[in-house]
Structures are given as structure tokens and as C-alpha cells.
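Please dock the two separately framed chains into a single complex, following the hints provided.
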Amino acid sequence: MSSIKPRVKVPKEVSIDEIVEIKTLIRHPMHSGRMKDPEGQTIPRQIINSFSAKFNGKEIFQMDLEPSISTNPYIVFQYKVKESGKFDFEWLDDNGEKYSISKEMIVS
Amino acid sequence: MKLRKLKKISRRNALQLIAVFTGTAVFPSISFAQSNQALDRINEITNGLGAIESDIWLDLPEIAENGNQVKVSFEMDSPMTETDHIKTVYILADGNPSPNVAKFSFTPEMGSCSATTRMRLSKTQNVYLLAVNNNEQFFMTYAKVKVTIGGCGG
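Protein chains in written order, with this note's numbering: chain A, 210 to 317; chain B, -10 to 143.
Chain B on its own, in the form it takes in the complex (with noise of 0.2 Å):
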């Protein structure tokens, strides 16, 4: 009986199956996204656009044994000059109450992309850091924060 229903999939079954598989190999943020709070963040603030990974120097600890005190340092390549600079960073993380974080401002002024500060952690989870220019590209990377001791208060 099985062997028959196997020999039922027809080629067009099987190379729909085959593309739906491969899709999701390619693909595994897509499935991921739905219930990451700070990617639906990310896709609030890019209007759905989404933002390009790109290489930024995230420097987060690996295993931190205080979710109270995470430091957490950025460092982005950018001439920072009037026509060429980023504007905006967002520090999100998907395990918290709350994806926000903190979100910085900068000016051409600051000479270079970098700044550092101590956030909370309430579980191990993902640190997203969203970048955006001038001329409204967004850029992302992030890093994942074992946590022994949550932070928050939970």
C-alpha cells in the first residue's frame, strides 16, 4: 500500500516538494523571523525593506555571567562626512521584555561610527545591532549572548 502511494507523487509533485525543501534550507531566517521580536522591530523601523548583514564589529561577551551588565561596543566603517555618514544605530535584542535597547544618534561631527554602553540581558538570546545611513540604508548584524544570571529583574 505505501509503495503505491509513493508511486502516486507525480514529477511536478515531487519537484514542488523538492523547491519547498531547498527553500527552506536556503533560507532559514524566514522561518526564524515570525516569532523573533527583534526582527519584526528591524522590519518596523526599514518599513518591510529589511536591512543588508554587513560586516560590523559588533563586540559583545559570549557567555555572559551577569545578565545585569552586558557591555556591549560597535564600531562601523564610515567616512562620516556630511553626504556619507550613518545617522542612526538601534541596539535590539530578541529575549527581553522589550527589543529596544537603545538607539544612537550620531553626527558627522564624531569623526567615526563607535560607541559603547552596558545593557541587561534576561536570557540567553540574540543581539541585533541596525545601522542607517544618510541616504535611508539600513544595515544589520548580530551576535549571540549566553547568560548565566539573568538581568531585568524577572
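This is chain A alone, in the form it adopts within the complex (with noise of 0.2 Å):
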């Protein structure tokens, strides 16, 4: 499914022990399995389930999802900074797929 786009905001340039905002968003239909279709059929459950964030390899955050989050899952989290690296995150639908994105952050 090449709709599913996620996009995620890290800052470019920071500082060490900066406590910076992250922030994400997928585009996904988010189907809780109680909608209804234009012909009155039940819509199949069809959500990500669970969103994770490593940091240079090492999981940082873990958030689970359930049918109550929004279409197209908007989270946003804090991250203390440390050294340069990479932010490697990942989403995981209801049917199997993984969609996922990385960014470099650098400490100047």
C-alpha cells in the first residue's frame, strides 16, 4: 500500500541534554471494525497497532494502539539529547505490513 506515508519531524541541529519534540504522523483509514460502508457493510478492523522509536538502535519508546486513536495517528514525544545519531521508527498494521522511516540527528 503505497498511500500509507509516514512522516516524522526530528530537529536538525540540537544540543546536548536539549530535550526535543518528535513529531509523527501516518495517513491510515484507522478502521476500528465498527464502521459502516456506504452499503451498510461492516468495515474490518484494520489499524497499526503499535508504533516504536530506536535510537541508534536501541528502543527508545513503544506506544500501543487501539481501535479509540484517530484516523491517521498523530503522536508526538520527547527525546533528551545525548550524541548524534539515527531515530529509526516503525509502525505495525493489523495485517502484518510495517511501514517505516529514519532521520539523522546532529548535535552541533
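What the hints contain is simulated information worked out from the structure, not anything from laboratory work. Take the hints with a grain of salt, since some may be wrong.
Unchecked claim - Using C-beta positions, here's what the derived DEER-type ranges look like: (1) A132(B) to V316(A): 36 to 46 Å; (2) G294(A) to K60(B): 23 to 33 Å; (3) E227(A) to S62(B): 35 to 45 Å; (4) T70(B) to G294(A): 40 to 50 Å.
Glycine is no exception: its CB is placed at the ideal position from the N, C-alpha and C atoms.
See the structure below:
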């Protein structure tokens, strides 16, 4: 599904011990399993059920998502800078698919 | 007749009655807890221990015009060190088809215990936040959100 594209905003230049905000958004319908299509058929559940963030290979944040999370899940969290490195973000779909994106962060 | 009946209430009975009434007045949440799926879930997570109601900054709109997109933010005072940090935060809703909304797993690397997301609310209800620290202590808070148009596709 090429229509599902994650987007992440990480500050590019940061200083040590700064707490930075990381904003993530993924385009996904998040079918809760309760919505109906125009023909009155229930749309089966299909949601992003997990989100995780790694920094230099180590998991720093994880979130379990339930059907009560809105369409196009938007997640913001904070991270305390210690060194330059790379973030890896991953979203897991109910259908087994994974969507991921990486971002560099440089300490100036 | 009626007066006579009233007189029949002994001092012991009267004292018991007073105790029952003051009890419900002081702890209204006890009677409230029986039919609340979010509080049931909190009981389940805490193994019946319950949580301390504490000062957590939980930001929710007082009135949500669209229940499909309700922004929820929270922040907790925590040093976020290896020995003292918030491990998990649950967001629970008592009026949705299922009480679970999200579960956040924090690590000391994050430096602060704060996050934001958007949730669906099917009707006017209370939203609960339950936090667990690394010593398995539980903290909670809640806020009421009035929903004009419900989400969840119901």
C-alpha cells in the first residue's frame, strides 16, 4: 500500500542535554471494526496497532494503539539528546505490514 | 402511626444509618466505580490495588466538537532516571466501546514523561490516565470531555 506514508519531524541541529520534541504522523484509515461503508457492510478492523522509536538501535519509546485512536495517527513525544545519531521509527499494521522511516539528528 | 415507627429506630440503628450516609458522601467514587469500565480496567491493571490520584497535567478539550479527533496531551513530573522513572502510561475512556485507548512505554532516555496523540470519543465521558513507575506505583487522574458529535462510527 503505497498510500500509507509516514512523516516525522525531528529537529536537525540540537545541543547536548536539550529535550527535543519529535512529531510523527502516518496516513492510515484506522478502521475500528465498527464503521460501515455506504452499502451498510461493516468494514473489518484494520488499524496501526503499534509504534516504536529507536535511537542508534536502542528502543526509546513504544506505544500500543487501540481502535480508539483517530484516523491518521499523530504521536508526539520527547527525547533528551546525548549524541548525534539516527532515529528509526516503525509502525505495525493489523495486516502484518510494517512502515518505517529513519531520521538523522546532529549535535552541533 | 408514622411517628411511632420513627421512634422505634434505636440509637444503634440511627448511628449505623448516619455512618452509611456519611460514607457515601465522603466516598462517592465507591458507588460510582461499579459501572465504569475504565475504572474496572484500572483495577485490573493495578491488581485491585488502585491508584493514587495525583497531579498529572492532562490536557483535553472541555468540549470536543468532533469526537473523531480529540487531542490528548499529558506531562508528568518525573526525574526519568534509571532508578526513578515512569514506565507505562495508559489512556482509558469510560464511554467508548472499549476502555483501552493507548498504552505508552517510556524509557529514561526520553528525559521527560510527556506525549500527545489524537483519540476518538463516542460520547460525553471521562478520560482517565493511569501511570506506572519503575517501582510499580500507580498514579491516576481524569478529565471530563463533552462531545458534540461522537466518533467511533457508531
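Structure-based check of all given hints:
A C-beta distance of roughly 37 Å is found between A132(B) and V316(A), which places it inside the suggested range of 36 to 46 Å. A C-beta distance of roughly 29 Å is found between G294(A) and K60(B), which places it inside the suggested range of 23 to 33 Å. At about 20 Å, the beta-carbon gap between E227(A) and S62(B) misses the expected band of 35 to 45 Å. Taken as a hint, the range 40 to 50 Å is violated for the pair T70(B) and G294(A), whose Cβ atoms sit roughly 21 Å apart.
The structure shown violates the earlier hints numbered 3, 4.
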